[in-house]
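Undergrad: Sequence:
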Amino acid sequence: MATFECLAEKGTTAITLRDIATKADITLSLIHYYFPTKEGLLVDATSYVMQKQIKDIQKELSNIQDFSEQLKKLIFVVHHQFKSAEWRKVYFSLLAAAAWSPKIMEEIRLLQNQLIDLIQENAQNSNVKITNLEAFSRVLLASLNGLALQVMHGASEEQIAPAYAITEKVLLSLISN
Numbered sequence: 006m007a008t009f010e011c012l013a014e015k016g017t018t019a020i021t022l023r024d025i026a027t028k029a030d031i032t033l034s035l036i037h038y039y040f041p042t043k044e045g046l047l048v049d050a051t052s053y054v055m056q057k058q059i060k061d062i063q064k065e066l067s068n069i070q071d072f073s074e075q076l077k078k079l080i081f082v083v084h085h086q087f088k089s090a091e092w093r094k095v096y097f098s099l100l101a102a103a104a105w106s107p108k109i110m111e112e113i114r115l116l117q118n119q120l121i122d123l124i125q126e127n128a129q130n131s132n133v134k135i136t137n138l139e140a141f142s143r144v145l146l147a148s149l150n151g152l153a154l155q156v157m158h159g160a161s162e163e164q165i166a167p168a169y170a171i172t173e174k175v176l177l178s179l180i181s182n
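Residue numbering for the sequence shown follows our numbering, starting at 6 and increasing by one per position.
One or more of the hints may lead you astray.
What the hints assert, rightly or not - EDC-like cross-link-like pairs, simulated, lysine to aspartate or glutamate; straight-line CA separation at most 16 angstroms:
hint, residue 1, residue 2
1, 57, 91
2, 174, 74
3, 94, 10
4, 78, 61
5, 15, 91
6, 77, 173
7, 88, 162
8, 43, 24
9, 78, 173
10, 57, 10
None of these hints come from the bench; they were simulated from the model.
Can you make the complete structure from the sequences, with help from the hints?
TA: Structure representation (structure tokens):
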């Protein structure tokens, strides 16, 4: 939690292990014991943040059988996750860090593939027909990330809510039973 709070306050480039130790009220040497480098800690933080997102999504989708309804719920959940300024800052800060860190990039790739697999599995279990399920899943993720990025750059909820609605309609139009 201390790492998440520090990332939300300072981002990946300005954060130090000392900041995290201070926030967590532990010694710096204890952090160095588990994470000899800042990159190691950021890889772990990336995994934590992305796994949390995946678990939240799985929980929300677990009782919904119809893929169209799952898609609507997924868009709703992600939209509401990204309403949190802290969540957006941490999420995009870690995505940006992947440009300079092959280890963080690999962690994000693995975790995004888990999310793509989850979408594909739910679609297959619902017996829907989507021409290219992997491409559909990637477009879904890219759309949701792009809308969240627009909010981070100043788009208001009044401006972004219709964009989420259009995204939902477009993606639903690609599904056939």
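Undergrad: So which of those numbered hints doesn't the model satisfy?
TA: Those not satisfied: there are none.
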